[in-house]
Amino acid sequence: PWPAVPLDAGALLKLYFQFSGIPSLFILSSDGTVLSSRGRNDVSSKGIEALQSWARGEKLPSSSPDEYQWSYVRCDGCNMNPLIGQRYCCLTCGDYDLCSACEKKGHEHPLERVPQPNDDDDD
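Everything in the sequence shown is counted per the working numbering, starting at 329 for the first residue and increasing by one.
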């Protein structure tokens with residue numbers, strides 16, 4: 329019942345979806361509503377709970393800020409990869425991220441907490 333997407337449809341898909349991870353897994357309900365744009369990560373972290381929720385046509389509940397998994401981000405202080413929990417970035421260093429434990433230890437520059445994205449955002 330689901331139409332297949334042609335293999336050469338990359339440019340067309342970029343018009344509708346923005347994604348940073350390849351391969352990506354978008355979960356759609358039977359009416360075409362996007363249930364998750366992070367299906368691959370949701371399956372890795374939530375397992376069968378994610379599959380059962382999507383089978384009911386429901387989105388997964390948002391993770392708490394302390395449980396959120398930042399795909400493709402590691403802590404530059406302790407090397408936690410992926411970074412889990414609150415994420416802080418250095419406003420001076422550029423591409424420099426810290427977990428909450430390393431943020432509490434301090435950093436030489438000001439840090440800003442990065443808000444947890446919702447399913448419509450990219451991380």
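The hints are simulated quantities; they were obtained by calculation from the structure and are not laboratory data.
Ideal Cβ positions, reconstructed from N, Cα and C, are used throughout, including at glycine.
Hints may be right or wrong, so weigh each one.
[Stated by the list, open to error] Cross-link-like lysine to aspartate or glutamate pairs, in silico, EDC-like; alpha carbons within 20 Å at most:
| # | residue 1 | residue 2 |
| --- | --- | --- |
| 1 | 433 | 394 |
| 2 | 374 | 395 |
| 3 | 433 | 404 |
| 4 | 374 | 359 |
| 5 | 433 | 423 |
| 6 | 387 | 377 |
| 7 | 387 | 359 |
| 8 | 432 | 395 |
| 9 | 432 | 377 |
| 10 | 374 | 394 |
| 11 | 432 | 404 |
[What the hints assert, rightly or not] Label-pair ranges, simulated between beta-carbon atoms:
| # | residue 1 | residue 2 | range |
| --- | --- | --- | --- |
| 12 | 435 | 393 | 39 to 49 Å |
| 13 | 438 | 407 | 38 to 48 Å |
| 14 | 395 | 421 | 25 to 35 Å |
| 15 | 385 | 433 | 39 to 49 Å |
| 16 | 442 | 353 | 16 to 26 Å |
| 17 | 437 | 387 | 31 to 41 Å |
Okay, the hints, checked on the actual structure:
no.: 1; hint: 433 - 394; verdict: 17 Å, holds
no.: 2; hint: 374 - 395; verdict: 11 Å, holds
no.: 3; hint: 433 - 404; verdict: 13 Å, holds
no.: 4; hint: 374 - 359; verdict: 24 Å, violated
no.: 5; hint: 433 - 423; verdict: 19 Å, holds
no.: 6; hint: 387 - 377; verdict: 11 Å, holds
no.: 7; hint: 387 - 359; verdict: 14 Å, holds
no.: 8; hint: 432 - 395; verdict: 18 Å, holds
no.: 9; hint: 432 - 377; verdict: 33 Å, violated
no.: 10; hint: 374 - 394; verdict: 15 Å, holds
no.: 11; hint: 432 - 404; verdict: 14 Å, holds
no.: 12; hint: 435 - 393: 39 to 49 Å; verdict: 20 Å, violated
no.: 13; hint: 438 - 407: 38 to 48 Å; verdict: 22 Å, violated
no.: 14; hint: 395 - 421: 25 to 35 Å; verdict: 26 Å, holds
no.: 15; hint: 385 - 433: 39 to 49 Å; verdict: 44 Å, holds
no.: 16; hint: 442 - 353: 16 to 26 Å; verdict: 24 Å, holds
no.: 17; hint: 437 - 387: 31 to 41 Å; verdict: 37 Å, holds
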